[in-house]
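Going line by line, the protein sequences match chains E and Z.
Residue numbers for the first sequence follow this note's numbering, beginning at 1044 and rising by one.
Residue numbers for the second sequence follow this note's numbering, beginning at 1044 and rising by one.
Derived from the structure by calculation, the hints contain no laboratory data.
One or more hints might be untrue.
Identical copies look the same in the list; a pair holds intra-copy or inter-copy alike.
[As the list claims (entries may be wrong)] In silico BS3-like links for lysine-lysine, alpha-carbon gap of 30 angstroms or less:
| no. | residue 1 | residue 2 |
| --- | --- | --- |
| 1 | K1157 | K1323 |
| 2 | K1323 | K1390 |
| 3 | K1390 | K1170 |
| 4 | K1157 | K1390 |
| 5 | K1061 | K1390 |
| 6 | K1157 | K1060 |
| 7 | K1323 | K1115 |
| 8 | K1169 | K1061 |
| 9 | K1390 | K1169 |
| 10 | K1390 | K1115 |
| 11 | K1060 | K1390 |
| 12 | K1157 | K1061 |
| 13 | K1169 | K1060 |
| 14 | K1061 | K1170 |
| 15 | K1170 | K1115 |
| 16 | K1323 | K1060 |
Protein chains: 2
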Amino acid sequence: MQDFLQPIQPVARENIKKARAHLDNLTKPRGSLGQLEDWIAQYAAIKGPGNCTLESKAVFLFAADHGVAEEKVSAYPQEVTAQMVLNFISGGAAINSLAGYAGAELTVVDMGVKSILPHHPSLLSKKIADGTRNMAREPAMDRQEAETALSIGYQLAREKAQAGVDLLAAGDMGIGNTTSATAILSVMSGQPVHELAGRGTGIDDATRQNKIRVIEQAINMHRPDATDPVDVLGKVGGFEIGAMSGFFIGAGASSTPVLIDGVISSSAAMLALTLQPNLKDYLFPGHRSAEPASRVLLDQLDLSPLLDLEMRLGEGTGAVMAMCLLEGGVRLYNEMATFSSAGVSEKNSAQ
Amino acid sequence: MQDFLQPIQPVARENIKKARAHLDNLTKPRGSLGQLEDWIAQYAAIKGPGNCTLESKAVFLFAADHGVAEEKVSAYPQEVTAQMVLNFISGGAAINSLAGYAGAELTVVDMGVKSILPHHPSLLSKKIADGTRNMAREPAMDRQEAETALSIGYQLAREKAQAGVDLLAAGDMGIGNTTSATAILSVMSGQPVHELAGRGTGIDDATRQNKIRVIEQAINMHRPDATDPVDVLGKVGGFEIGAMSGFFIGAGASSTPVLIDGVISSSAAMLALTLQPNLKDYLFPGHRSAEPASRVLLDQLDLSPLLDLEMRLGEGTGAVMAMCLLEGGVRLYNEMATFSSAGVSEKNSAQ
Chain E
1044 MQDFLQPIQP
1054 VARENIKKAR
1064 AHLDNLTKPR
1074 GSLGQLEDWI
1084 AQYAAIKGPG
1094 NCTLESKAVF
1104 LFAADHGVAE
1114 EKVSAYPQEV
1124 TAQMVLNFIS
1134 GGAAINSLAG
1144 YAGAELTVVD
1154 MGVKSILPHH
1164 PSLLSKKIAD
1174 GTRNMAREPA
1184 MDRQEAETAL
1194 SIGYQLAREK
1204 AQAGVDLLAA
1214 GDMGIGNTTS
1224 ATAILSVMSG
1234 QPVHELAGRG
1244 TGIDDATRQN
1254 KIRVIEQAIN
1264 MHRPDATDPV
1274 DVLGKVGGFE
1284 IGAMSGFFIG
1294 AGASSTPVLI
1304 DGVISSSAAM
1314 LALTLQPNLK
1324 DYLFPGHRSA
1334 EPASRVLLDQ
1344 LDLSPLLDLE
1354 MRLGEGTGAV
1364 MAMCLLEGGV
1374 RLYNEMATFS
1384 SAGVSEKNSA
1394 Q
Chain Z
1044 MQDFLQPIQP
1054 VARENIKKAR
1064 AHLDNLTKPR
1074 GSLGQLEDWI
1084 AQYAAIKGPG
1094 NCTLESKAVF
1104 LFAADHGVAE
1114 EKVSAYPQEV
1124 TAQMVLNFIS
1134 GGAAINSLAG
1144 YAGAELTVVD
1154 MGVKSILPHH
1164 PSLLSKKIAD
1174 GTRNMAREPA
1184 MDRQEAETAL
1194 SIGYQLAREK
1204 AQAGVDLLAA
1214 GDMGIGNTTS
1224 ATAILSVMSG
1234 QPVHELAGRG
1244 TGIDDATRQN
1254 KIRVIEQAIN
1264 MHRPDATDPV
1274 DVLGKVGGFE
1284 IGAMSGFFIG
1294 AGASSTPVLI
1304 DGVISSSAAM
1314 LALTLQPNLK
1324 DYLFPGHRSA
1334 EPASRVLLDQ
1344 LDLSPLLDLE
1354 MRLGEGTGAV
1364 MAMCLLEGGV
1374 RLYNEMATFS
1384 SAGVSEKNSA
1394 Q
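Please put together the full structure from these sequences, using the hints given.
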């Protein structure tokens, strides 16, 4: 626990002012790139004046199974988690194509897939157990397992940042994990489950009602303590969610910007942010997911998501798409002429 | 005129069904990429089964001056149009960085900049006149000039498509051109000017009120005929807007998908769509601009814009950012495994 409770340095306000001043001096009407400018300024401020590099990018995809899948909360059978991990390492999933397009290195992390997976250079085995326990009947994991999940993600982000990566992103795979993420976001926000539960991979009304009932039952049974994110993670979380929480904290502790994906990584970021409020300065929300629960985290952040496309795939796909937009923005931040260097007249002083 | 009134072939509905069926067979929950899937399906349908290439991309940036600039409708002086053209060919503008990131070839077209511009390999001189006339006092151009502008854009798109480019985009530069675009979109939609006029490059309330008055005066004076887009273009349009209209039609006539940028290209697309209703199948709206008038065109299209970032820069910047997202999407359409090829279980039949 000690590691990921070390203080995270907030980003210097002075750096943000300098980055905004630089943006305002480039040959475009002030603020004309809209919300993208907020992202560019925050990114440049994290990197510090004169150092706004965005070269190496990495996305980590954390996979795990969920005992609660036996409550029939998902449209897909549990074995799809392992099948999709094999698909990731074979290069056949959406995240493979999108990470390839974005130029981001993809690493898949087995945090607890209920299957024996092969050795592969892009698959890290960090299996804590063969999936969590069924939270509808007992806590998903014990406190030690929750801390282990956090530590694994934290270390992975720290190591990658120390290796010099400029930008990180986290994605997920785990049948049943919108159930867990919705439970976390309901507990952390106090908002009722029925207002937050979505359709996950595409469940019908009856399955969604069952999912709501299962989440409410788990929360009522275990009474997770919203002031203690490790308690919440252990009782209704998942191994991949814990790892993502630790990953976000590790990124912040390394002063490395990190992209959040959809509702699963939003639930992880919500736990991380409660443990480490200064982390907020390093979190970039890739997109607004179709899952209603994702708004709980978005309401906590200063930056708005760049994309709002009703995506609900996970894997880090929304994060990596936003990565492309940010990279274009960083490129213009570094390359564009200023009004004086290009000899372009500034705005009329009267207006 | 004959050329750009030749029929445009609608995209075969059968192709769209096939593209959607392919998307549904890929290893992701059905529809889980949200609105991006609509874009991918439309793009794949245009290209035809087995031929969904997206390799070469080109963005054309049409520049011209507007006589109405003398009515003080912009935050910037008129000479900025020429200064920015020099900036484009020197590589110092936002579009240079973003087109570079997207891998799109950039061509700047002088349609009527009020300045003598140097020869440069990436600058095409198609100057019709030294800017339009002031529409607040007389028609911006005569009908012959309007048809010439349309023809130039049409030919450029046709030539580029014949050279084998997969995807086109159009952007603009012209001080005063949101005044012209807003006039066009008001005439074509019948919506009042004061509901459509925005802040352009960043004008204050008094300047915006003046801009509304100028547009209303021009419309009342010239009475453009909304059923005759060439008449509207001539009376309240711009040379770059006419070229962009022709460019969109040329793309459609070549069965080549083309990206719309902000409010200027939206006004051009509105004229083009009225001349050629089947063009709709080839138009991809890059983003929702901060300019209220852009919604007039978006309401006519089946596809939603991929970005909504309150951008108001022009130059093709929003179009090129959306190009990146589409390219990522096309890549996964071509690369992803299917459920059967990857051995991934499909959705439970009960749901």
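Now for the hints, and whether the structure bears them out:
no., hint, in the structure
1, K1157 <-> K1323, "neither (33 angstroms within a copy, 49 angstroms between copies)"
2, K1323 <-> K1390, "neither (34 angstroms within a copy, 37 angstroms between copies)"
3, K1390 <-> K1170, "between (59 angstroms within a copy, 26 angstroms between copies)"
4, K1157 <-> K1390, "between (62 angstroms within a copy, 19 angstroms between copies)"
5, K1061 <-> K1390, "within (20 angstroms within a copy, 51 angstroms between copies)"
6, K1157 <-> K1060, "neither (49 angstroms within a copy, 37 angstroms between copies)"
7, K1323 <-> K1115, "neither (35 angstroms within a copy, 43 angstroms between copies)"
8, K1169 <-> K1061, "neither (41 angstroms within a copy, 41 angstroms between copies)"
9, K1390 <-> K1169, "between (56 angstroms within a copy, 28 angstroms between copies)"
10, K1390 <-> K1115, "between (61 angstroms within a copy, 12 angstroms between copies)"
11, K1060 <-> K1390, "within (21 angstroms within a copy, 50 angstroms between copies)"
12, K1157 <-> K1061, "neither (49 angstroms within a copy, 36 angstroms between copies)"
13, K1169 <-> K1060, "neither (41 angstroms within a copy, 42 angstroms between copies)"
14, K1061 <-> K1170, "neither (44 angstroms within a copy, 40 angstroms between copies)"
15, K1170 <-> K1115, "within (24 angstroms within a copy, 67 angstroms between copies)"
16, K1323 <-> K1060, "within (17 angstroms within a copy, 44 angstroms between copies)"
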